[in-house]
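Build the full structure now, drawing on both the sequences and the hints.
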Amino acid sequence: SQKIEQNSEALNIQEGKTATLTCNYTNYSPAYLQWYRQDPGRGPVFLLLIRENEKEKRKERLKVTFDTTLKQSLFHITASQPADSATYLCALATDYKLSFGAGTTVTVRA
Amino acid sequence: EAQVTQNPRYLITVTGKKLTVTCSQNMNHEYMSWYRQDPGLGLRQIYYSMNVEVTDKGDVPEGYKVSRKEKRNFPLILESPSPNQTSLYFCASSLSNRGSGANVLTFGAGSRLTVL
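Heads up: the sequence lines are chains Z and V, in that order. Under this note's numbering, think of the first position of the first sequence as 232, with each following residue one higher. Under this note's numbering, think of the first position of the second sequence as -7, with each following residue one higher.
Mixed in with the good hints there might be a few duds.
Distance windows between CB atoms, simulated [as the list claims (entries may be wrong)]:
| no. | chain 1 | residue 1 | chain 2 | residue 2 | range |
| --- | --- | --- | --- | --- | --- |
| 1 | Z | 259 | V | 88 | 43 to 51 Å |
| 2 | Z | 251 | V | 30 | 39 to 47 Å |
| 3 | Z | 247 | V | 18 | 34 to 42 Å |
| 4 | V | 62 | Z | 255 | 35 to 43 Å |
| 5 | Z | 247 | V | 69 | 47 to 55 Å |
| 6 | V | 71 | Z | 246 | 43 to 51 Å |
| 7 | Z | 246 | V | 78 | 21 to 29 Å |
| 8 | V | -6 | Z | 325 | 36 to 44 Å |
| 9 | Z | 253 | V | 61 | 39 to 47 Å |
| 10 | Z | 260 | V | 61 | 32 to 40 Å |
| 11 | V | 3 | Z | 236 | 27 to 35 Å |
Stretch by stretch, here's where chain V covers chain Z in the computed footprint (C-beta under 8 Å, at least three residues) [unchecked claim]:
| no. | region |
| --- | --- |
| 12 | 292 to 306 |
| 13 | 328 to 339 |
Straight line, CA to CA, 20 Å or less: simulated SDA-like cross-link-like pairs of lysine to any residue [stated by the list, open to error]:
| no. | chain 1 | residue 1 | chain 2 | residue 2 |
| --- | --- | --- | --- | --- |
| 14 | Z | 328 | V | 45 |
| 15 | Z | 328 | V | 30 |
| 16 | V | 57 | Z | 327 |
Simulated from the structure, these hints should not be mistaken for laboratory data. Bear in mind that the values here come from a model prediction, so they are computed numbers and not experimental data. Glycine is no exception: its CB is placed at the ideal position from the N, C-alpha and C atoms.
Put into structure tokens, the structure is as follows:
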């Protein structure tokens, strides 16, 4: 069966450090992978999209990698700030459906 | 402001009492979808719509109905709610319905439903 797994439900890091989140998938062959941010009590907000032929994508302090051989995406938040505290979701697209992982909650300590 | 609007945001109801959660988007998006979010399970798709009068089941459609009579609206109907439908519901839309994974979803703020 298809499965999307994000590493550990929670990640606690010190301000200024890099947070690295993992998204592993099985029985998918996505052409695209997306990352969203969700704050408590709010809907997810799109952050980044990476195509299967792109190894890496950056947006400000965010970096995403996509390894279709390992079936894995890594999401990095560099120079983390308390405002980065949120839950981060990875999503894979198949046909007309976007399927989400359960998310990783990041807490950045000042 | 471009947005997806859901109502109600919070609702407590009882088993068997029909309810409708409305969803409206002002971005002229082709594609709309409903998800439910439960702890540890993430977002699971209930139904989606490619365009007006075109709807299809997602992963967890049982107990739900939808309709798409107008492009901007996509209501979620619970004909006979049960306690296992207690959840946080999100409506989302995207510009294109082409099935490409490049379609980015815009989500509503969520509707927290409790069925007693």
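Could you say whether the range 34 to 42 Å given as a hint is met by the Cβ separation of residue 247 of chain Z and residue 18 of chain V?
-> For residue 247 of chain Z and residue 18 of chain V the Cβ distance comes to about 40 Å; the hint holds.
Using the beta carbons of residue 259 of chain Z and residue 88 of chain V, state whether their distance is inside 43 to 51 Å or not.
-> Violated: the Cβ-Cβ distance is about 20 Å, outside 43 to 51 Å.
Given the range 39 to 47 Å, decide if the beta-carbon distance of residue 253 of chain Z to residue 61 of chain V lies inside it.
-> Once the Cβ atoms are compared, 42 Å apart, the range 39 to 47 Å for residue 61 of chain V and residue 253 of chain Z holds.
Is the hinted range of 39 to 47 Å satisfied by the C-beta distance from residue 251 of chain Z to residue 30 of chain V?
-> Hint violated: Cβ distance 26 Å, outside 39 to 47 Å.
Verify the proposed pairing of residue 57 of chain V with residue 327 of chain Z, using a straight-line Cα cut of 20 Å.
-> 18 Å, holds
That 21 to 29 Å hint for residue 246 of chain Z and residue 78 of chain V (C-beta), does it hold up?
-> 37 Å, violated
So does residue -6 of chain V sit 36 to 44 Å from residue 325 of chain Z, Cβ to Cβ?
-> 26 Å, violated
Just tell me: holds or violated, for the beta carbon distance of residue 71 of chain V and residue 246 of chain Z against 43 to 51 Å?
-> With a Cβ separation near 49 Å, residue 71 of chain V and residue 246 of chain Z satisfy 43 to 51 Å, so the hint holds.
Distance restraint evaluation - residue 3 of chain V, residue 236 of chain Z, Cβ atoms, bounds 27 to 35 Å | 32 Å, holds
Pair hint outcome, residue 328 of chain Z versus residue 45 of chain V [Cα-Cα no greater than 20 Å] = 18 Å, holds
Does residue 328 of chain Z pair with residue 30 of chain V here, judged by a C-alpha cut-off of 20 Å?
-> 18 Å, holds
Against chain V, does the region 328 to 339 of chain Z show at least 3 residues with beta-carbon separation below 8 Å?
-> Coverage by chain V holds here, the residue count being 7 at a Cβ distance below 8 Å.
Checked against the numbered hints above, the structure breaks hints 1, 2, 7, 8 and 12 and satisfies the rest.
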